[in-house]
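Chains as they are written, first to last, in my numbering: chain L, 26 to 435; chain P, 9 to 419.
In case anyone wonders, no lab produced these hints; they're calculated from the structure. Just so you know, these numbers come straight off a predicted model, no measurement behind them. Cβ coordinates follow ideal geometry from the N, Cα and C atoms, glycine included. Check before you lean on any hint, since a few could be wrong.
What follows is a list of derived Cβ distance ranges for each label pair [stated by the list, open to error]:
#1 L:Phe-35 with P:Phe-355: 32 to 38 Å
#2 P:Asp-255 with L:Arg-213: 25 to 31 Å
#3 P:Phe-355 with L:Val-402: 35 to 41 Å
Listed below are the simulated EDC-like cross-link pairs for lysine to aspartate or glutamate, each with C-alpha atoms no more than 16 Å apart in a straight line [said to hold, decoys possible]:
#4 P:Lys-170 with L:Glu-166
#5 L:Lys-183 with L:Glu-206
#6 L:Lys-183 with P:Glu-80
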Amino acid sequence: MTPMPGAVLFRLAWRNLWRNYRRTIIMLAAITLGVWAMLFMTAVMRGMVDDMVQTAVRSLPGHVQIHHPEYRDDPSIANSMPPPDQMLLDALAQAGVVAWAGRVRVPAVITSERDTRGTTLVGIDPEAETGLSFVSDDIVEGRFLGSPDDKGLVVGRKMIDDLETRLGRRVVVMSQDPDNEIVDRGFRIVGVYEANLENLEEAFVFTGRRYAQSMLNMDESISEIAVLGKSYRDVSDLSHLKQLEGSAREVLPWYELDAYLGTMLSTMDGFVLVWIIVVFLTLSFGLVNTLVMAVFERIREIGLMQALGMRPSMILIQVLLETFLLLAVGLAAGNLLAVVSVAALSDGIDLSIVSEAMQWMGVADVLYPALEIRDLVTTNVVVIVLGLLAGLSPAWRASRYQPVEALTKV
Amino acid sequence: MRVDNITLSLAWRNLWRHPRRTWLTVGAMVFSNILLVFMISLQFGMYRVMYDNSLSLITGHLQVQAEGYIDEPRMRSTVPAAGGLANALRQAMPANNVAVRAMAFALVSSAERSLGVQVVGVQPSYEPDVSNLPGLVKQGRFLKASDERAAVIGSSLSRNLKVGLGDELTLFGSGRDGSFAAGIANVVGIFESGSNDIDRSFMQIPLTEFQEVFFMGDQGHSIVVMTPDLFELEPAMSTIRSIVDADGLVVHDWDELQPGLRQSVQADMASAWFMYAVLIVLVAFSVLNTQLMSVLDRTREFGIVMALGLAPIRLGRLVFLETGIMAGLGLLLGVAAGSAVVSWFGFHGFTYPGLEEMSARFNLPGRIYPSASFASLIWGPSVVFLACLAAAIYPAAKLLRLQPVAAMRAA
Chain L
26 MTPMPGAVLF RLAWRNLWRN YRRTIIMLAA ITLGVWAMLF MTAVMRGMVD DMVQTAVRSL
86 PGHVQIHHPE YRDDPSIANS MPPPDQMLLD ALAQAGVVAW AGRVRVPAVI TSERDTRGTT
146 LVGIDPEAET GLSFVSDDIV EGRFLGSPDD KGLVVGRKMI DDLETRLGRR VVVMSQDPDN
206 EIVDRGFRIV GVYEANLENL EEAFVFTGRR YAQSMLNMDE SISEIAVLGK SYRDVSDLSH
266 LKQLEGSARE VLPWYELDAY LGTMLSTMDG FVLVWIIVVF LTLSFGLVNT LVMAVFERIR
326 EIGLMQALGM RPSMILIQVL LETFLLLAVG LAAGNLLAVV SVAALSDGID LSIVSEAMQW
386 MGVADVLYPA LEIRDLVTTN VVVIVLGLLA GLSPAWRASR YQPVEALTKV
Chain P
9 MRVDNITLSL AWRNLWRHPR RTWLTVGAMV FSNILLVFMI SLQFGMYRVM YDNSLSLITG
69 HLQVQAEGYI DEPRMRSTVP AAGGLANALR QAMPANNVAV RAMAFALVSS AERSLGVQVV
129 GVQPSYEPDV SNLPGLVKQG RFLKASDERA AVIGSSLSRN LKVGLGDELT LFGSGRDGSF
189 AAGIANVVGI FESGSNDIDR SFMQIPLTEF QEVFFMGDQG HSIVVMTPDL FELEPAMSTI
249 RSIVDADGLV VHDWDELQPG LRQSVQADMA SAWFMYAVLI VLVAFSVLNT QLMSVLDRTR
309 EFGIVMALGL APIRLGRLVF LETGIMAGLG LLLGVAAGSA VVSWFGFHGF TYPGLEEMSA
369 RFNLPGRIYP SASFASLIWG PSVVFLACLA AAIYPAAKLL RLQPVAAMRA A
């Protein structure tokens, strides 16, 4: 006996699917909605985490950061490090490093005639910071710093409001030098920046690196080196920097620097999978039901086919093929709907009604859903694999009918 | 809906003509009900902890402040005669806890380090009633009313300043009038709140000391009130308003003081309800499919009974009744199994990898205990129940248009 050709089997499965078109359409609608929900929800969550990470990475750390091993727990001037030596400079010149900048970064107190605030004084090389951190792009008033020797101070919008001062006025910045002598110096505010999170506007004030070094009596020492790679998702291009780690310096990728974000990103993968499976399980009851009914209706027909010599394995394959077609059509529609709805929201979802909450979580109040290829793949694979598993039981039953018994069934 | 015994037993028997189909449909309901009961109870449990933790650490339920202080916390926006006002409030509302605070930013120096720190002046005898920070002192003790030149600081701050109990700190800042302010304090206690921001940048000293160092006289920046119930603030607020009649003073509730909190809960609820809605609609589809099939299967049978004189409306009722029985089964089994799951996790707590690291940022524990209440148990399953009944409308409506003769001829 020759096995049934694939084309015939396929056509049979396809036609069977449409014999009871109402049932198939309802099931397809359910699968489509389920797949859309899997993808859409995932895209929204991904968009949110993306934004969190990017905001955090731009708010100074970079993708990989090099600093004194003690600096993280105690970000004080005592834990600064010498400027990069030749070995480090060579490593930073390698491909994979898109940009890097050395900075002085110490806790400080800033005082105007009116008020006092705590902040972080950051001494930067203005040119190196371009593209690396947010400040250079986000100046809304005045100017950005011109050189490492710039004596001006760039502060955040919120900070300038807190201090009741304005562009061009003088403020005093206090900190300590390596011998714990209090040092203070008057600065003129030359620029004001805005950030998408309000607390960033209070967190940092910027001046020229060399000017900060002279104020703090720290010679050429710096607090940290921030390194930018191609993408925050994959910092393996920067792994050669890790080899330079030693007793005097620590090299950390952003996800170790900010455990919260790092965990968030990995938890998100788990969450996506759980969500997909939960939606699928809810769907699966209906799916199995549909298949059981489809097989039940055709008992006589199946018996007849068997009596005419169709092998049980072919019947199993045919029902599975029917399951597959049902899933495939539903998946196609669901994927399409998700792509269209995410594209329609490419201008972002406005979350300003809960903007305070968003600030709290470190997210801007416009959310851009991000549909990622790997999530599309995961969703489709999970649905097909679990769907075929669900179809196995009705298919198995269909192939086990005794022809005579099935034929005589009313 | 009037239901006689015959319709009821018919409906019941019809359901068990296809036991597999019925159980699969009920299974979908039970599955989603268990999920809903568990998730909603978990949410309730989490929100409660969120509210408690974020409000009882610092914010309190209500605060009396100078107008405008909430947006621009300036040294000179003060509450005059704060101590006396707090006493008056305590007498008027004995069920509430009241304490005065004053806040300033100062450069704090130890022998080795200097850091910018938020300095808070508190009333040592009343502060423990409005905040749980005093209870979180892990080394030494909290401030006492008799203390002079004493300070309690956070654990990270003590590490960064390289100081321990008994060490001396100096404070530099600006006073209320903008003049230079300086003071000395000895560390008597070190707290560990779990929130890195607070542990790194917070220092408490006695209010009287604060007023002296920062030239505050008898003024404070806020009067913190802890009420018996954070969702029943109106009585306390109106009492406070009647006592605090001075110009330029306002009462803020916690929602104004910490606007992110309620919104976080709302944002979380919104995304949760999106997920629930998807699950519920999927279950409804499953019911729609089952009931439509069961109606179509019986077209001939229905044709015959109609030809015998049965009103179509009674058949529609029958279909609704069948759906109702299934949905009822789903509800009962779902709530029962869901409650079991909730009580298990209510006892053992629920966690997943990464939760602890993430909650630490919001000062939340790494384990959530779902909180079961009548509402949290019944809310989700009831919506599922209604959605299932709604799904039966289309199959039932089909019956109303059934022509007996055509139906009897149907294959």
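Hints, one by one, checked against the model:
no. : hint                                 : in the structure
1   : L:Phe-35 with P:Phe-355: 32 to 38 Å  : 53 Å, violated
2   : P:Asp-255 with L:Arg-213: 25 to 31 Å : 38 Å, violated
3   : P:Phe-355 with L:Val-402: 35 to 41 Å : 39 Å, holds
4   : P:Lys-170 with L:Glu-166             : 40 Å, violated
5   : L:Lys-183 with L:Glu-206             : 29 Å, violated
6   : L:Lys-183 with P:Glu-80              : 10 Å, holds
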